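Enquirer: Protein chains in written order, with our numbering: chain A, 418 to 677; chain B, 662 to 1275.
Calculated directly from the structure, the hints in this document are not laboratory data. All values derive from a computational prediction rather than experimental measurement. All residues carry an ideal CB built from backbone N, CA and C; glycine is no exception. There could be a bad hint or two in this list.
Chain B regions said to be covered by chain A (calculated; three or more residues, Cβ under 8 Å) [claimed, not checked]: (1) 680–689; (2) 804–813; (3) 863–876; (4) 901–914; (5) 1009–1019; (6) 1178–1185.
Take a look, some chain A residues computed to stay more than 12 Å from chain B by CB distance [as the list claims (entries may be wrong)]: (7) Glu425; (8) Lys432; (9) Lys659.
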Amino acid sequence: MIAPKKPEIITFRIKRQDARDAQPYWEVFEVPYKPNLNVISCLQLIAENPVTREGRQSRPVVWDCSCLEEVCGACTMVINGRVRQSCSALVDQLLEEVGEGEITLEPMTKFPVVRDLWVDRQRMFDNLLRFKGWVPIDGTHDLGEGPKESPEEQELRYELSRCMTCGCCLEACPQFTLDNDFIGANTFGQVVYFNAHKTGRVLMNERLDALMEPGGIADCGNAQNCVKVCPKDVPLTIAIAKAGRQTTVHSIKRFFTGKR
Amino acid sequence: MAAEKPRALVVGGGLAGLAATIRIAETGTPVDLFSMVPVKRSHSVCAQGGINACNKVARQQGYSEWMHFDETLYGGDFLNHQPPVYDMAHWAPRIIDLLDRMGVPFNRTHEGERDLRMFGGSLFKRTHFAGATTGQQLLYALDEQVRRWEAEGLVRKFEFWEFLAPVLDDGGMCKGIIAQDMRTMEIRAFRGDATVLATGGNGLVYGKSTNSVICNGAAAIRAYAQGAWLGNPEFIQVHPTAIPGEDKCRLMSESARGEGGRVWVPRKKGDSRAPGDIPEGERSYFLEEKYPAYGNLVPRDIATREIFWKCLEGYGVAGGRMVYLDCTHLPDATKNKLAGIFEIYEKFTGDDPRKVAMKIFPAVHYTMGGLYTVYTPRSDYKGMEPGAPNNMMTNIPGLYAFGEVNYQYHGGTRLGANALLSCIFDGLFCGLSVANHIRDKAGKRAQELSAGLYEQGVRRQEDAVRQLIDAKGENNPYTIAREMGEVMTDRVTVVRDEEGLKLALNTIGSLRQRYQSMRISDTGTWTNQNLAFARALGDMLIYAEAIVIGATERRESRGSHFRSDHLERNDDKYLKTTIMKYDAANDRHTLEYEDVPTPLVKPRPRTYGKVEAA
Ligand SMILES: Cc1cc2nc3c(=O)[nH]c(=O)nc-3n(C[C@H](O)[C@H](O)[C@H](O)COP(=O)(O)OP(=O)(O)OC[C@H]3O[C@@H](n4cnc5c(N)ncnc54)[C@H](O)[C@@H]3O)c2cc1C
Ligand code: SF4
Ligand code: SF4
Ligand code: FES
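The following block holds chain A by itself, in its conformation from the complex (with noise of 0.2 Å):
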C-alpha cells in the first residue's frame, strides 16, 4: 500500500444537465475520504445528500450503472477530462491525477445526454443491427456442434467479443461526432467478429457493403485514439486493419464480377 497523504474530504465538481435540451451547469458536492472509493460510491453518498459544498440542497445525480465491476459497459463517463468507466476509477488513483484540486465529472459528448451524467447510447445499438451482428443459424433444433476452430482462431474472436458497448472508443475518435453518421470502432471490431465466424461469414458481404457506405470505413483517419481508451483492450487496430482490407478485397470482387 503506497499511502500518499490523503485528504480528509474529496470534491466533484459534476456538470449538471437537467434534460435534453437544458442548458448545463455545474455543481460541486464534497463526500469525506474513505480508502477504497469508486466514482460511483461516491455518487451513492451524493444521492444519499445531495447537498452542495455551497449548502443548497440540490437533487441526486443522474447517471447510468449496473454491473459496478467493469463488464456490462454502463457507466461511461468523462472524469477529469478523460473518458472511462466511472465504477472502476479509483479515487484513491484519480486523487493522483489531480493532486489536491477537485475530480470533475462531466456526460460523454459525443452522446446526446437524457440527464446529467446519463446519456443515450442507441447509436451504437443500431449499428449493431444495422451490419447484420449476428450468426445466422437455423433455429434452435438440435443440430450438433458449431465448426471447429483453433485456439488461436478462438483468441482473436474472444478479445473482439469482449467489446462491451461502453462507447469510450466513439467518445476519444477524432472523426465521430454528435451529429455526423460515421460507424467507429466498436462496430468495425463487431463486423470482423462475426466475419470471422464459420456460419457468420455467411453475410459478410452485406456487412461489407454497408461498411463502403458514407460514414464507412473510408472515413476512419486511422489516428487510433479508440484503442488508447478502450477499457476491454479490445485490438481494434487489428479489427481496423482486417476491415479495411476485407472491403478492399470486397470492392475489387465487386467491380470485376459486377455483383453486390
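Please arrange chain B with the ligands on chain A, whose structure you already have, making use of the hints.
Expert: Just chain B with the ligands, lined up with the frame of chain A:
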C-alpha cells in the same frame, strides 16, 4: 387493431429472458421485450466461471446426464423438484451445442474441441467456459439472435422500461403489464396474451452483494402483491470469498485458495496494523486450525460460516467485516497462474495481491428461491411434458417465471455453473409452453379486452408515484435501504437463529413504518432515479420480510439455510417447499408447506466429504 396477432411479453433481458424471446419468436409469435437496462447490460454479463453439461470427454470417463442430475439434487439438499432438473441435465449438452453454433467463443483445445474445467460439486471436468467472462459471451450470443428477430420484425425492445405490475383480467389471468419509461417517466399499459418474468435475483435486499445494482427482486414482489406465490424465499446462497466494496462485493474466485491461498485474522481484536506488519505468531489461520484435514479448502458452506463468525466475534481486519486471504507467500509461478483474478482485485482495491494480503468477506450471491411455479411431469417423472402450457407458470395463469426469479432447479443450494444453464434451459424449453398457452389456453385476446382494465392499472401506478413525490415525511430512502441491508446481512445470511430472525423481523417492520413517512429529494418528472429507487425499496422491504418469515419457520438446517439452533436436516418435517402468499390489502404474509416429491432419487445425507471439497 383486432387483426393484430396475439403477442407475448417478456420482462427481463438476461439469459433467461433472451432465450425465451428467441424460442417464442421462433414459433411465429411476436414478442415485446422489456428491460431496465439495454439487454446487453443485464446482470448475466457478470458470470465468469462457466456452464455445466455432460460432454464427450466426461462421458467416456464415466460421467452422464444422470450424474449431473444427481449432483444437482445432492447439492440442493433434495429440495429441488426432480423432473425439471432431469430435463435440464439432459438438455445441457444440446444447449452447449446450440450456443456453440451461435458463435460463443468457447475456449478450445489444440484439436479445436471445446475446452473444459473443473468446478465444485463434481469429480468430472464438465464445465464449459469462454475466457474469464462466460456469462458475457453467452449473453451477447443470445442478444445477437434476438437482434436478428428484431430485424425480422418479430421482436420489439423496450429498454430502460421498468415493469411495475401485471394486469389481470376478471378471471385472474395475466393479460399484460404496466411499465414505466425510466427516462420520460411515462407510465403505459402493454397488452399481452402471456407474460414471462425473467427478472433475476434479489441481492440488493442485502444491501451489498455480488449482484448488479438492478437485481432488487422488486419485479417478483410486484407479482407477489397481485397474488403470485413465492417458493422457498429463505434460500439465499452466500459465496465465501468476495471483495467487500463500498458499493458492492465483487467475487473472488475459489481458485485463490485452490492454489494455496491462506485465510487468517489477527489474534488481537481490532488490530489495525498493516497485514505485513503482523508477525506469524500473532495471526490465526482459523480454517487450518479448526479443520486440519481440509484447511482452507473446506466446503463453501463451512468456510462462509467460519469467516462470518470470526468477524461477528470482533476478530475481523481492524475489527471490521473482513478477513485476510493471503497469497503473498506463494511462489512466482503460482502467482502467475492467478494473474487473471489478481487483476480484478488490483483494479478495484488498488492493492496488488502479490504483495499485500487480500481482504475478503462472504457475500450474498444467488437467489435459489423466487416465484413459485408449476409444470406437467411426464408419466415416469423423467422430465416435463414438452410444450405443456403450464411449464414454469406461476399460480397466476398466463404469468411465467424463468431464470433466477424462478424458484425451481436448485433447491437448497445451487452448484457452481448450473445457473447459466437453468436460465437458458427455462427460456428454450418453456418458451414453447408460452406460445402454446397463447394458442390454446389464453381465451379472449388481450387486444379485445376493455381499455378500462388497462387504464385502471396505469392510474393505480400514477397514484403511487404521486404519493411518493408528494410525501413530506422525514425519512431518507437510501438510509432505510442501508439499514435493511445491514440487518439482513447480520441476521439472515450465513448463520440464522430464532432470536436473530425475530430481531430482523422487528427491524424490517420498523423500517417499513419509516418507509411510510419518507421524503425523496428529487420530485421532478424527468429521468427520476430517486423515485424509482424509493419505489423499489418498498418492494425490497416486503421481500426481506418474506425471507425472514420463511427462515424463521424452517426450523432445520438444509443447504444454504443454516440454523444454529436446529443443526440437523429434518426430512420428516421439512422436505417441503415453502410457499408464501401475500394479501396486499391487509399486508399479510401466509406460509404453507408443500411436499417435495422424490420419484427418481431418494434423499440421502449430505455429508461434506471430499466430493464437496472441490
Ligand atoms: C458475480 C457472479 C458470477 C456468477 N458466475 C456464474 C457462473 O460462472 N456460472 C453460472 O452458472 N452462474 C453464475 N452466476 C449466476 C448467474 O449469473 C445468474 O443466476 C444468471 O445470470 C441470472 O440470469 P437471469 O436471466 O435470470 O437474470 P438477469 O441476468 O439478472 O437479468 C434480469 C433482467 O431483468 C430485468 N429486470 C429486472 N427487474 C426488472 C423490472 N422491474 N422491469 C424491467 N426489467 C427488469 C433486468 O433489466 C435484466 O434484463 C454468477 C452470478 C454472479 C453474481
Ligand atoms: S483509428 Fe481514429 S478515426 Fe479510426 S476509429 Fe479509431 S479513433 Fe476513430
Ligand atoms: S471497443 Fe472498447 S471502447 Fe469501444 S465500445 Fe467496445 S469496449 Fe468500449
Ligand atoms: S457499471 Fe458496468 S461497466 Fe461500470
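Enquirer: Now tell me, hint by hint, if it's right for this structure.
Expert: Outcome of the hint check:
1. Figure legend: the stretch 680–689 of chain B, annotated as covered by chain A; annotation consistent (3 residues with Cβ-Cβ distances under 8 Å, at least 3 required).
2. By the rule of at least three residues with a Cβ nearer than 8 Å to a Cβ of chain A, the coverage given for the stretch 804–813 of chain B holds, with 6 such residues.
3. Judged by the Cβ-Cβ criterion of 8 Å, the stretch 863–876 of chain B is covered by chain A as claimed, because 3 of its residues qualify and three suffice.
4. For the stretch 901–914 of chain B, the stated coverage by chain A holds: 5 residues have a C-beta nearer than 8 Å to a C-beta of that chain, and at least 3 were required.
5. Residue count for the stretch 1009–1019 of chain B with a Cβ under 8 Å from a Cβ of chain A: 5. That meets the three needed, and the coverage hint holds.
6. Counting residues of the stretch 1178–1185 of chain B whose C-beta lies closer than 8 Å to any C-beta of chain A gives 3; at least three are required, and the coverage claim holds.
7. The non-interface label for Glu425(A) is consistent with chain B: the shortest C-beta to C-beta separation is roughly 17 Å, beyond 12 Å.
8. With a cut of 12 Å on Cβ distances, Lys432(A) stays outside the contact zone with chain B, its closest approach being about 15 Å.
9. With a closest Cβ-Cβ approach of about 16 Å to chain B, Lys659(A) is found to remain outside the 12 Å limit, as its non-interface label requires.
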